[in-house]
Structures are given as structure tokens and as C-alpha cells.
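Following the hints, put chain B in place on chain A, whose structure we already have.
Number of protein chains: 2
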Amino acid sequence: MFLTHLACPRCGARHDSEALTNLCSCGSPLLARYDLDAVRAAVTPAALAGRGADLWRYRELLPVRDDAHRVTLGEGWTPLWSADRFGAAIGLDRLLVKDEGLVPTGSFKARGAAVGVSRARELGARHVAMPTNGNAGAAWATYAARGGLRSTIAMPLGAPLITRNEVVAAGGELILVDGLIGDAGKLIAEVVAAGGVFDAGTLREPYRLEGKKTMGYEICEQLGWRVPDVIIYPTGGGVGLIGIHKALEELRSLGWIGDKVPRLVAVQSTGCAPVVRAFEAGERRVTPWADARTVAFGITVPAPLGDELILDALYATGGAAIAVDDAEILADLRAFGAAEGLLLCPEGAACLTAARLLRSSGWLGPSDEVVVLNTGAGIKYPETVASAGA
Amino acid sequence: MFLTHLACPRCGARHDSEALTNLCSCGSPLLARYDLDAVRAAVTPAALAGRGADLWRYRELLPVRDDAHRVTLGEGWTPLWSADRFGAAIGLDRLLVKDEGLVPTGSFKARGAAVGVSRARELGARHVAMPTNGNAGAAWATYAARGGLRSTIAMPLGAPLITRNEVVAAGGELILVDGLIGDAGKLIAEVVAAGGVFDAGTLREPYRLEGKKTMGYEICEQLGWRVPDVIIYPTGGGVGLIGIHKALEELRSLGWIGDKVPRLVAVQSTGCAPVVRAFEAGERRVTPWADARTVAFGITVPAPLGDELILDALYATGGAAIAVDDAEILADLRAFGAAEGLLLCPEGAACLTAARLLRSSGWLGPSDEVVVLNTGAGIKYPETVASAGA
Chain A
1 MFLTHLACPR
11 CGARHDSEAL
21 TNLCSCGSPL
31 LARYDLDAVR
41 AAVTPAALAG
51 RGADLWRYRE
61 LLPVRDDAHR
71 VTLGEGWTPL
81 WSADRFGAAI
91 GLDRLLVKDE
101 GLVPTGSFKA
111 RGAAVGVSRA
121 RELGARHVAM
131 PTNGNAGAAW
141 ATYAARGGLR
151 STIAMPLGAP
161 LITRNEVVAA
171 GGELILVDGL
181 IGDAGKLIAE
191 VVAAGGVFDA
201 GTLREPYRLE
211 GKKTMGYEIC
221 EQLGWRVPDV
231 IIYPTGGGVG
241 LIGIHKALEE
251 LRSLGWIGDK
261 VPRLVAVQST
271 GCAPVVRAFE
281 AGERRVTPWA
291 DARTVAFGIT
301 VPAPLGDELI
311 LDALYATGGA
321 AIAVDDAEIL
331 ADLRAFGAAE
341 GLLLCPEGAA
351 CLTAARLLRS
361 SGWLGPSDEV
371 VVLNTGAGIK
381 YPETVASAGA
Chain B
1 MFLTHLACPR
11 CGARHDSEAL
21 TNLCSCGSPL
31 LARYDLDAVR
41 AAVTPAALAG
51 RGADLWRYRE
61 LLPVRDDAHR
71 VTLGEGWTPL
81 WSADRFGAAI
91 GLDRLLVKDE
101 GLVPTGSFKA
111 RGAAVGVSRA
121 RELGARHVAM
131 PTNGNAGAAW
141 ATYAARGGLR
151 STIAMPLGAP
161 LITRNEVVAA
171 GGELILVDGL
181 IGDAGKLIAE
191 VVAAGGVFDA
201 GTLREPYRLE
211 GKKTMGYEIC
221 EQLGWRVPDV
231 IIYPTGGGVG
241 LIGIHKALEE
251 LRSLGWIGDK
261 VPRLVAVQST
271 GCAPVVRAFE
281 AGERRVTPWA
291 DARTVAFGIT
301 VPAPLGDELI
311 LDALYATGGA
321 AIAVDDAEIL
331 ADLRAFGAAE
341 GLLLCPEGAA
351 CLTAARLLRS
361 SGWLGPSDEV
371 VVLNTGAGIK
381 YPETVASAGA
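Just so you know, the sequences run in chain order A and B. Heads up: the first sequence begins at 1 in UniProt numbering, then just goes up one per residue. Heads up: the second sequence begins at 1 in UniProt numbering, then just goes up one per residue.
Next up, chain A with everything else stripped away, as it sits in the complex (with noise of 0.2 Å):
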């Protein structure tokens, strides 16, 4: 293993990283670091094509030391395919879309369980613990049954119920709030305040993020180690786009993908949009968004711990942050089936809104490269089409 220590990000304070470990003192989340020279002398993008498919390809860049302590499912390695029809009707020559679906529990988030239950395993943890706006917690309370810990998982009403059956057959326990993601994290707090359970909530551990990075590595490797112009990504807790930005920076400290930067893209809905509105303010911290509300649930964060993060990776990159409202999200949901055929996610959908939205701006160009993330399986949100009968 290649991992050496933990770094604030804010305070510049290192950290010991074979201990468990959530926030640093000043209140950041912490980043995991390696020692990249020797990862560079240990494997090349050539030792990496005859892998397995899945995320743990990249192990020498993943935080895991006893592959004993790898609990998986087979999660990663998912397709990115052109979206021709959708991207000509949208003025848009070279559309990509990266399929989160297609992984364990069908959204991105098992990546980042895998990972960070694996690693909270390795370090002695039996219990983890988060509230979510509910992908999450499936991921965590499937990772977590694999590989035998307890888990508990706080999640509003709102959240996707499938998300909450996904829990129970994990043998999770289950803590329903009415209220936001905020509020379930108070619980969860308290929970962890009790003692004996590890805190796993969105960036209040390290590892989670590692996991989540490797769509960035993906992408670069799937494009032949390069990088598109732009990429798009769905931004309520932001840990999906500080992932692929840390990838980036890490491939390009390798040297496996040259200097060149893809302005990334957060997309958040109209009815909660704390980092569209900091990031056009200019402001490196988001205040909490009042009344959040939308059908992309899954973004559905007023104030997410990681916004110095989320923010620094789009001013770094030259990239925007653009908010779209509901109607909107769905039309375009509608529209990407009938060109394409595949149900998105919500959130999936909100970044092809995003696309032709920046198209339409001239922010985008026609020849642009442009890979949208559809962050997870639209066979978990049966409410987002109508159909006769239902």
C-alpha cells in the first residue's frame, strides 16, 4: 500500500492514517495522501489494462493495505458510451455518458462504501453510522453487512423508498426523520456520540472520497489516458466531483495524463443551489440553502461540509456551477429515453439539462468532449414517469 498519511486540506495539519479518523481539529474533512513517486515506479497505465474490472484496479492509489479487508461486490469499471442522438439534438458532436448504474445497489455511492468500508474494517471499525439522503446509506448498509459490520442509517421520508428496503435487507438499522439530510445527521451525532460506532457521514471520513475518485481514473483510462474537455456532475454533498477532481490531479502528478485541466461542472437543482449561488458570488464557503427542494433528491444538500472542496475544484478548473429546475429535469429525462433509451436518475437527467443549457450559452462549443455522469440507476425512481395505468 502507497498510502502515507491524511492532509487538511484547510489547516495544512497531517495526519496519522492507520488510525480511525474523521474531521481534522479545524473542523475540514482530510484527504488522503501517497506516495505517488513510488506508485509511478510500482505500476504503469499498460500493467493496469489486463486487471479486473472493477475499481480495485487501481490499488496502488487506493487505501486499502490486506486485500483480506477488501469487501466488494464487484463494483466499478462502468461503461461510458456516446449519447449521439441526444447530443446532435442538443448541439453537442462528442456527448459521453458514464452509466453509475451499473454498480452494486445501482448508484455511485457503492463505490465509495466499498472503500470506505474496507478501510474502516482494516482500521478496527464495527459499526458504522450516517445519515443520507439515501443512496448512500444503501450503499453503506450492503457494504457493511458484506463485510460484517453493524450498520446505522438516519434518511428523511423523502428519500427514494427502495433505499430504505435496501437497509432492512442489509439488516441495517433504520432511522426515518422528517426532515432534511441536516436533521438526520443530528441524530446520527448522537448515535456516534454514544460511542462504538464509527461516523461515516459525507466526508466526516477520508475514504469514502477514495472510493468515489476512481470515476475519474475511469474515465481518463476508458478515453485511452486522456481527458475530455468537460465534465458534468451532479453536486448535493459534492464528494462524486472533489473524487474525480483528486483523480485528476493525481493522474497528472503521474504523468499518465499529460497537463491538460476539464473544467468540471456542478449541477444543482433550482430549489437548492447553495454552491451555484457562492460559486457566482465568488465565495469559497456556501451558506445553508433555506426550503431545499427538488426531484433530484439526491442533491438535496443545503450545506455541504464540503464546499471549500466542491468550490476550489471548479474555480481550479475554469469550470461553473449552473442550478435547473424540475420541469426541466424531467423533460429532459423524457427526451434522453426517447433518443437514447435508457432511464436516468434525476440527478443523471439534471446534467443533460445542465449540457444543453451550457450549450445554449455558448459556455459549451459543438466539438466540446463532454462526459455527464448519470450517478446512478433510473429504475430507482419509479415516480419520475408517468405511465398509463400506473
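A few of these clues could be false.
These stretches of chain B come out as covered by chain A in the derived footprint (C-beta under 8 Å, 3 or more residues) [said to hold, decoys possible]:
1) 2-12
2) 23-34
3) 309-316
4) 328-341
Derived list of chain A stretches under chain B, where covered just means 3 residues or more per stretch with a C-beta under 8 Å from a C-beta of chain B [unchecked claim]:
5) 48-59
6) 134-143
7) 158-171
8) 244-251
9) 373-382
Calculated from the model, a selection of chain B residues having no Cβ within reach of chain A, i.e. all distances over 12 Å [claimed, not checked]:
10) GLU60
11) GLU75
12) LYS98
13) VAL261
14) ARG293
The set of hints was computed from the structure by calculation and includes no laboratory data. From the three backbone atoms N, C-alpha and C, an ideal C-beta is built for every residue, glycine too.
Frame of chain A; chain B shown alone:
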């Protein structure tokens, strides 16, 4: 392409494989045949290792001539992983699950749709129609849209709700039927009789099977080009089981897996078990099952068209057919979730019930290597787990 012709397994007739074709004039489904000597000369297992992680890695054994007609969303190459904890609980040391939830539309039906739609398009079809228990229709509507074809899908009211939405989202024509799949079939027969529409019902065209057989190729390749002792498959229309049997025969002819034959097991519900009844009586055809009903809706097929091919596969491999009841399916679904985390589909859970019963009876030995197919994503079946407050 190495496809040479279509062969009738009942009467031996040979048919042109370059024309859109349904059943043999004798009423039997047709099987695609390849020049396997030429395939053996053209490709080796070692050459396959470096190919893409989808079912098109087996292109020499698939019926699409021109890559331009390939209709794909990245389907296939699903994970095969050990379920040690659940295996130990039921007395099996080597229990493996192949998770077909990780394909577009969340079921193995996508394999058949990808290959079937590709070939139908290549041969000139512009509109496909079929009766379905839900998942096949969802997959075919999705891939039809992806390929620029129209689709007409008839399904029972009892089919999983989400599959209706998938058809509608893909722009397919959805017909809901107050009955079973046979009743839906009668409606589709009328649609097809009116002309201009290709009948893509189960085994009514020969290429859906070619997509599904890739499960068999993958199992062997993922085990290092060898076969397990037993493969357990939920059996409704039976295409998955027939396809795996065909794949194993082809790989044996190619000399890629040796001569060992895995025993194939067909799992049905006690609420709809025509294959089990025929198998136990030593028959070669089934008689239709009256009053069919089960929680494992995908296998509610009272009179499968491929009955001879299913029963042949069981007899030829020293296999078995077993019926399991709904209460046990749901109990094993929960027990598996608690042990291994993942929420299975009910048809997948039925296979675990079968494994448990076959181990209890001694038909399975403790060290038999057993592969169970989870044919779809559990997240398509919200009703299988009752959760607090849901």
C-alpha cells in the same frame, strides 16, 4: 462474422440466417450455428483477455455482421463473487453469485435485447413487438430506442411497476393486460399479423438467445476457462438456461473448457412449475400450468415455448428441476441480505432456496462449486422487503 445458418433442433431443417426469421415451419424455435472451426482459428481465450468488459468481447460467437449495427449500453461482463457467509449457513463451501443486476435496465434481459435488437436492425426490422413479464419488455424497448427502432410491448398488470415506466421512458408503446404472459402474447400476435412489425417474443426469434448465452461464456472465462460443478438458474421462458447450455456446448466444441459438464438446475415456483412437473415425469414437453402465480413474477410462464430445449439441457447434464415456495424465497432473500448485504431479485433468491434444499437432500455435496444467477437487480422489486414506515 462466423454465423453460418439457423438450425431447427426438432426437425433438423436448415434456415437462412440472413433473413428476418421467427420459428421453424415445424413450430420449434431455431438455433444460430457458427463455423466453430473458423472461430477456433481466428481467436483464442488468451486473445479475449484484453478485450472490453462487455458481452461483445465474444463477437466471433455473436450474430452481428457489421459493428455499425451494434446497439449497446455497455451490457455484460457482470461480476461473479463468493458468498461465503451464506454458503456456510447452508452447507456449501463454494457458493458463487453471478450478479446480473449490473446491466442496463437492471436484468439479464438486456443481454438478449442488445444482441436481438442489433441483429434485427441489421436484417432490416424497424419495429419490434413482444409479450413480456416486464423485464424483457423494458430491455427491448430501451434497446429499440437506442437503435432507432419502434417497440410495442404487452405485459400483465402484475408485472413489476418500474418496467412499465422503462417502456414509456424509452418511447415504446405499452399495452397492459389483465392476465398472464400468454394473454399478452395473443395481443402481440394480432399486432404482428397486421404487418410491418417483427415478432421478438421469447424464442420466437433466434438471437435473443445468443445474447443470453454470453452468461455461460462469462462464467467459464471468469473461472479461468473451466466450468463449475453446478449452475442454478430461475426458469420461466427458459432462455437463460438454454443459452448457458448452448454456450457450454460451443465452448466444449472449441476445446476451450475440456469435457466436464456442469449440472444445470432449473428453479421454478411451486405456484408455476410446468418444467419441474415434466422433468419429474421424464417428459420431453410440458403441459400448461393452471392458475400460475408467484412472488417471483419473472418466472410465471405457464407454457414455455422452449420446453424441449430446457428439458434437454437438464437431462443432458444430469441436472435437476426444483420448485420452491414464495415464503421460502422471501426468507432466503432476507437471510442472504443479512449475510452478504445485497438485495437480490426474487428470482435470484429462489435459486438460493433451491441451493439450500438441494444441499439438504444431498443432491449437492458440501464441496460442490455452485454458481447461482441473480438475474436482476433487487431494487426493481420494492415489495419484497417491508421496511419500517414504508
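Enumerated hints in conflict with the structure, sorted upward: 1, 2, 3, 8, 11 and 12
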